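From first to last, the protein sequence lines are chains A and B. Under the working numbering, the first residue of the first sequence carries the number 1, and numbering increases by one thereafter. Under the working numbering, the first residue of the second sequence carries the number 1, and numbering increases by one thereafter.
Derived from the structure by calculation, the hints contain no laboratory data. Incorrect hints may appear among the rest.
Stated by the list, open to error - One side of the interface only, derived from the structure: several residues of chain B facing chain A at Cβ under 10 Å:
| hint | residue |
| --- | --- |
| 1 | 41 |
| 2 | 46 |
| 3 | 50 |
| 4 | 51 |
| 5 | 54 |
| 6 | 55 |
| 7 | 298 |
| 8 | 360 |
Said to hold, decoys possible - Calculated Cβ distances over 12 Å to all of chain B for the following chain A residues:
| hint | residue |
| --- | --- |
| 9 | 101 |
| 10 | 123 |
| 11 | 165 |
| 12 | 189 |
| 13 | 195 |
| 14 | 205 |
| 15 | 207 |
| 16 | 215 |
| 17 | 231 |
| 18 | 306 |
| 19 | 352 |
| 20 | 371 |
Here the structure is a predicted model, which is why all the values come from computation and not from measurement. Built from N, CA and C at the ideal position, the CB exists for glycine as well.
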Amino acid sequence: MNKKLYIILFSILVSASAYAGIFDIYGIGKVGINYTVAAQGRGKSSVAYSDSLSANMQNPANIAFLQKAGMEVGVGTQLNAIEGIGYTNGYTGFSCGLLKFPLADKGGLVIGMTPITSSHASYQITTPENTYTETSSSEGSIYAATAGVAYSFFKNGEVAVGLSADYLVGGYNIVHEMDFTSKDYSDVRIEKDEGFNGWQFTGGINVKPFKFLSLGASYTHVNNISHRQIANYMVGSNLNDFYSHIDTFEYNNVNLLPNRFAVGLAFMPTARYIFTVDWMQYQFTTLSPDFSFNPFYEGSQIQAYNHYGLGFERKGILSEYVPYYKSLTYRAGAFYEEQYMASSSGVPVKTYGITLGLGLPFTGYRNRLDVAFVAEYNYGTIYEEEGIEPLNLNEMVYSLNFSITIAENWFKTRGKYR
Amino acid sequence: MNSSTASDITRKAKINRQSSITLTFFCIVIIMIASTSCTQGIFSTPYGGKTFLLDTLSYDQSVITSTKNLSADASGNKLLQDKVGKYLGLSTEFIIKFTNFTVFTHLADSIDFVMNEAKIKFFLDDYWGDAGDFSIDLNMVDPDTSLHWLNTSDVEKVYTDIEGRTSFYSSFSFNTSDESIEIPIDLNTISNWYEYPDSNTGFTVTPSAGSEGLIAFYAMDHKGTFDPRIEIQCTLNDTNGTYIKDSTFSIYCSGDLQQSVNERVLDEDLFYLSQGNISRSYIEMDSLRVDTLLGPRQLLNRAELKFLMDDSLSSIGENDTLKIGARLFRSDYWEIDSLTYIYTALSNKLTSIEDTVVINIVQLIQYLVSNPKDMEYEGIFFYLENDLYDFNQILIDPDDISLDIVYTKVNDE
Chain A
1 MNKKLYIILF SILVSASAYA GIFDIYGIGK VGINYTVAAQ GRGKSSVAYS DSLSANMQNP
61 ANIAFLQKAG MEVGVGTQLN AIEGIGYTNG YTGFSCGLLK FPLADKGGLV IGMTPITSSH
121 ASYQITTPEN TYTETSSSEG SIYAATAGVA YSFFKNGEVA VGLSADYLVG GYNIVHEMDF
181 TSKDYSDVRI EKDEGFNGWQ FTGGINVKPF KFLSLGASYT HVNNISHRQI ANYMVGSNLN
241 DFYSHIDTFE YNNVNLLPNR FAVGLAFMPT ARYIFTVDWM QYQFTTLSPD FSFNPFYEGS
301 QIQAYNHYGL GFERKGILSE YVPYYKSLTY RAGAFYEEQY MASSSGVPVK TYGITLGLGL
361 PFTGYRNRLD VAFVAEYNYG TIYEEEGIEP LNLNEMVYSL NFSITIAENW FKTRGKYR
Chain B
1 MNSSTASDIT RKAKINRQSS ITLTFFCIVI IMIASTSCTQ GIFSTPYGGK TFLLDTLSYD
61 QSVITSTKNL SADASGNKLL QDKVGKYLGL STEFIIKFTN FTVFTHLADS IDFVMNEAKI
121 KFFLDDYWGD AGDFSIDLNM VDPDTSLHWL NTSDVEKVYT DIEGRTSFYS SFSFNTSDES
181 IEIPIDLNTI SNWYEYPDSN TGFTVTPSAG SEGLIAFYAM DHKGTFDPRI EIQCTLNDTN
241 GTYIKDSTFS IYCSGDLQQS VNERVLDEDL FYLSQGNISR SYIEMDSLRV DTLLGPRQLL
301 NRAELKFLMD DSLSSIGEND TLKIGARLFR SDYWEIDSLT YIYTALSNKL TSIEDTVVIN
361 IVQLIQYLVS NPKDMEYEGI FFYLENDLYD FNQILIDPDD ISLDIVYTKV NDE
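Excised from the complex, chain B in its bound form (with noise of 0.2 Å):
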């Protein structure tokens, strides 16, 4: 072995053991990664230097400053049910017209018709109240041009420029338990529509003297097979008179409004939920605002709100899955204005009016009391929640609330 292959074996020796001992290193390193990222356990002991303190604060009925109860309108179009009747300080009446004559006017030229009975047909929806006779009335718009109203949301103005402008034309009576009612309409009327459709105004559904109970019929804008409509039998002759068929013809609602009036007086200091007469509650805690036991470093974890239904004038019906949302209002003008507000806490399911209701309201309260003390249009709303086929209404005296909180704080703090 000459000295330049020793030299190169020893050169050789020299780069595989710089090799074999840098990819060791490695290998290693990542080894013992692997190894302690498979430690995930943690000291666990009843002991030690806590550093939350939990803590509880109760309060009565004392928290609420301020209530009240506020009603929204009811009125409107686009609703799935036409009401009629009075209901728990609900009175409400439609005003509703037909003015499709379409199938006439697609009938071909060598057919002639002739109306021999027409009627308005209504389905019933739901009906609230003792059951049996019901009484309805209807009262026809003046045939004025100025009248005409659209299907529009400005119910209030539709029934301001026709009041005194409507007259009596027929009463009508029905049991509450029929699927649906076919009231008679007199032809010249039906004919007056058709030929001159300006004086076409449509008429108001109102309640007869007497009638007790809110009747709810299907709307136009249910969407289904139970659309309110006018019938009308016809005679079909051709051009010569000759007598071809009878035939009965379909004139769907073109247009409905409903006008509700609360005529109910409520009493402020009482909560009051309903959703056929929407009314939602709104209280006001804003001694909470300068609870010097709360502020924004103390973490609530819980806070009920805990109430009772006065049953003399609550109920609540079988078919709902009824529960009360709380909500967190902020607006400076809430009574009037549309409400803006955040987080919502939903009670326990209500199947009784024996039931206490059960409301965590932490995010809500947790945020009262973290906000500057200034916000002071500030409060929770209540309503009801899933309240969508029984006329379900709750009465809440604030005299039984309270109000239980669990935070968290700092242990120094």
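Pulled out of the complex, with its shape left as it was, chain A reads as follows (with noise of 0.2 Å):
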């Protein structure tokens, strides 16, 4: 690969996460967006299963079954539409950026980055009377920097575990606006930067108790997370402000993110055919107080976030002596998601969504570029208030997703050089 496109793809990494939405507003926003892109084809499943090209973030035991050494980058693009609306918030950047590297016969190396959170999202309140608008937004990632090892025993791998230490850092950039339609009136604006850092480790397993059936397990437990808050309290226009106000604080062991429960099943009938389901719980249960730094609306819950995937992948051959298109990795699947923001009655946001996915092989088939395109529609409560009809919201998410996996010969590192 020329130095060209390692320029490209580095001007790809520095740019933020994915997801946008409107539903992104409060807390931390997105969560539940590390996968890969042909992971997310199959309808976001990949507890129990992955190829021998992508990186696992969902299950690091999975890692033991790479096969090549090399690179994956993704990016991916995000449209909403909000019924009533129409388009706001639209998004393209970097989702992840992974080194891979098999270990002896049986084991997998894995570091790079990867998103946790995410949030893009605008909202403005007009007054009934147009006197002035307040608008919030909230604009930040936080990532992953991880490093995961796994290693598969017994003759087919039967048994694979790995374990994963990832170092959180990121944070959101959450602004209030309050802009008067009068001149007379000076404009206010607080912006806060929230940073966050601190550890998660998560350890998972795979067991393949026949040919054709995979499980596999990951629990991910959060570390002392740590808060930096500054805060600017302005006044006067975006060009002029005549006043300014810092505060910093920082806070240490906030409950930012739960820990993670996965399960996953893949059914292989044929060495072809994959068949996946997952399940992947956040408990947010207990986080409230702690998201005081973009907190919810008055009379919402938080609740536990639960992922539902159903995936379906059909290898292609890899042989040169096939078309091109019976080379191609096909997937889809679907999913249903129930968002931990929930209304005063504890109906959580929920989203569906449909997943198509393709991979498509070159040179040699040692590289790959995987497409998903994401369908979501999320409904849900976004506000309420005693008197007024609770403030309910269909939105669609469009997000079409890119990866390219490649094994250069630089990450040749079986048979030829070893």
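The two chains are supplied separately, each in an independent frame; assemble them into the complex guided by the hints.
Structure follows, in structure tokens:
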């Protein structure tokens, strides 16, 4: 791969993460986004299965099945459309970047950056008398700088275990603005930079009791997250603020992310057909006090986040003796999620999604371009207040995600150079 | 086709496919970025979890903890006008001298001159008071070299030095509607000034007893065609005494200083603003500093200070676009120090004493309430802005003052 390609990939890496949607406005935004593009194509299910090229962010045990060293970089783009509003937030940016190395015959190592949370949303309140508008926006992400290692046992890797340590780093830029219609009044703005860092550790296991069946489970323990807040209170227009007051706070051991538990099943009736089922849960229930940095609306509840994914993959035939289209990998899936934000009556924001995916091998099947299209339908209450009808929104989020998985000569460690 | 050719074709096909896929990948990324960058809409609704809470505070005159009127010294040099007279508590006079006789020294040696008549000429610029007759006195300063003065800024010293060292010379009456006046002066005095420059210490111009009002002449620093001058009518002869012609020479002013005394006694409970007799008013609002409702995290949207002018003692001219300016002063000894100030807020344009004065002093109040409470030597001072032509004065009764604040605070704080 030439230098230009590396430069382009690096420039993509430095942009922020993906996923845009109005429901991201509260708390830490969207969670459950650390999937490879291949897993996204399978209905965001990968606890019990991943192929030999992709890294696996849901279950580190699957890293053991890596067969080629290389790198994987993903980008994504999202458009959302709210019923009655139209397209609002759109976003394109980096989603993940990973380096992968097989270890011995039955092990694997992955290091890189993967997204954990993401928020790109704006919400504007207009006063009935139109004297001023209040706009809040939340922009930011938390990433995991991850290092995972795994090893499989027995002849065909019937049991694999893996561990990953993630250093969490990132934050949000949360801006609240009040803009008056009349120039006689000074606009005000509070801009808060919320920085977080901490650790999480994930252990995973993959068991294949039968050749056609794989079971996976992983558990993530979040540990010792610290929070630094810089709040700038400002008065005046954007170009000519005449007053600024800055507060800085630091907090330790905040509960930004709960522990996570995931289980999955992969059914492989033949070597080329894979059916996957996942369930993943974040126990957000106890975290509400620590979301004061970007609070939910009054009366809302915080519940456990649940993700249910169902996927299918038809692997391509990697042979020079078949037409190219037969070497493509086709994926499809569906998922259902209960987001952690819920109405006062306990009804969570619900997400229904369908996915389609494609894997295009190139350069002697060592490399692959993965594409996943995800269409999400989000429905839920975004605001409630006594005396008004709950503000329920229907939102469609369309995302198109790409990743390029490369195993160039530099990464060739098995065989020729070993 | 041999095996080598087939292998080459396959390899080229792979390379082409790789190039196509890589190119497609990045083209799609660029298209994705372009497409999402076009979506700039924002979700908007009348309802939502508000971060801000808008609130108001209203204060009456009790917000003012102290007031102070300060008259700035209107004395000085390099002024555009030399004022003489008394008006609205301002008493002024000026001292002036003419030392530049180079028009005579530059005459050719073959020419003699004989002074026939000399007049001091002043051009009138403005007048405040009841129009009509006005009279001034000229008082010669003793011809003592110790009383020499330069065009100095230390007016007080000059006037202290000449105190009791002047003698009445002449009075001159004129009408305030005159464009200029010409005051006769004795030729011997002019000759002495010319021949013995050390004796030229100038003269003072004071209002004659009984003169009402304030007259303003163009001063030396006006730098126009109306400089004060002495016009001397001479006859020019040659060295044999043969008449050549009559000629008038102008000796322009070489120095002038104005001394002003504020004789007005002001009620400390009132604000008084004027420019001719320079007055500024100061108020302190220490109660705002300890107001627990306001602090650095309360963001002020508007702070509207309103007051009414006292129509019995206020006057606003027609020629000025008059406004009242407010500034935040910062000085430990602001009564005697030069002012250090920050922020400036201007009122609405004032055209009549019936107008309500409204000044949005939001920046000033934000600073006052957001900074350490021990900075007690801070307050707001008021002055007249754009007071260029008229002798405006404004009197404000603090009892009619109100301060209405609109501010924003964070909902849960």
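Structure-based check of all given hints:
Satisfaction of the interface hint for residue 41 of chain B is found here, the shortest Cβ-Cβ separation to chain A being roughly 4 Å, below the 10 Å cut-off. Hint status for residue 46 of chain B relative to chain A: holds, with the closest Cβ pair at about 6 Å, below 10 Å. For residue 50 of chain B, the interface hint holds, since its Cβ comes within 10 Å of a Cβ in chain A; the closest pair sits about 6 Å apart. With a cut of 10 Å, the hint placing residue 51 of chain B at the interface with chain A holds, because the nearest CB-to-CB distance is about 4 Å.
With its C-beta approaching chain A no nearer than about 8 Å, residue 54 of chain B sits inside the 10 Å limit, and its interface hint holds. Among the interface hints, the one on residue 55 of chain B is violated; its C-beta lies about 12 Å from the nearest C-beta in chain A, farther than the 10 Å criterion. Checking residue 298 of chain B against chain A: minimum C-beta separation of about 9 Å stays under 10 Å; hint holds. The beta carbon of residue 360 of chain B comes within 7 Å of a beta carbon in chain A, closer than 10 Å, and the hint placing it at the interface holds.
For residue 101 of chain A, the requirement that its beta carbon stay farther than 12 Å from each beta carbon of chain B is met, with the minimum near 23 Å. Look at residue 123 of chain A: its CB is around 6 Å from the nearest CB on chain B, not clear of 12 Å, so calling it non-interface is violated. The claim that residue 165 of chain A lies off the interface holds: its Cβ sits roughly 31 Å from the closest Cβ of chain B, which is beyond the 12 Å cut-off. Listed as a non-interface residue, residue 189 of chain A fails to keep its Cβ farther than 12 Å from every Cβ of chain B; the least gap is roughly 8 Å.
The non-interface label for residue 195 of chain A is consistent with chain B: the shortest C-beta to C-beta separation is roughly 20 Å, beyond 12 Å. Every beta carbon of chain B lies more than 12 Å from that of residue 205 of chain A, the smallest distance being close to 34 Å; the non-interface claim holds. Separation of residue 207 of chain A from chain B is adequate, the least Cβ-Cβ distance of about 36 Å exceeding the 12 Å criterion. With a least beta-carbon separation of about 34 Å from chain B, residue 215 of chain A lies farther than 12 Å from that chain, consistent with its non-interface assignment.
Distance to chain B contradicts residue 231 of chain A as a non-interface residue, since its nearest Cβ pair spans about 9 Å, not more than 12 Å. Listed as a non-interface residue, residue 306 of chain A keeps its Cβ farther than 12 Å from every Cβ of chain B; the least gap is roughly 24 Å. Non-interface status of residue 352 of chain A relative to chain B is upheld: no Cβ of that chain comes within 12 Å, the nearest being about 20 Å off. Once the 12 Å rule is applied to beta carbons, residue 371 of chain A is inconsistent with being away from chain B; the minimum gap is 8 Å.
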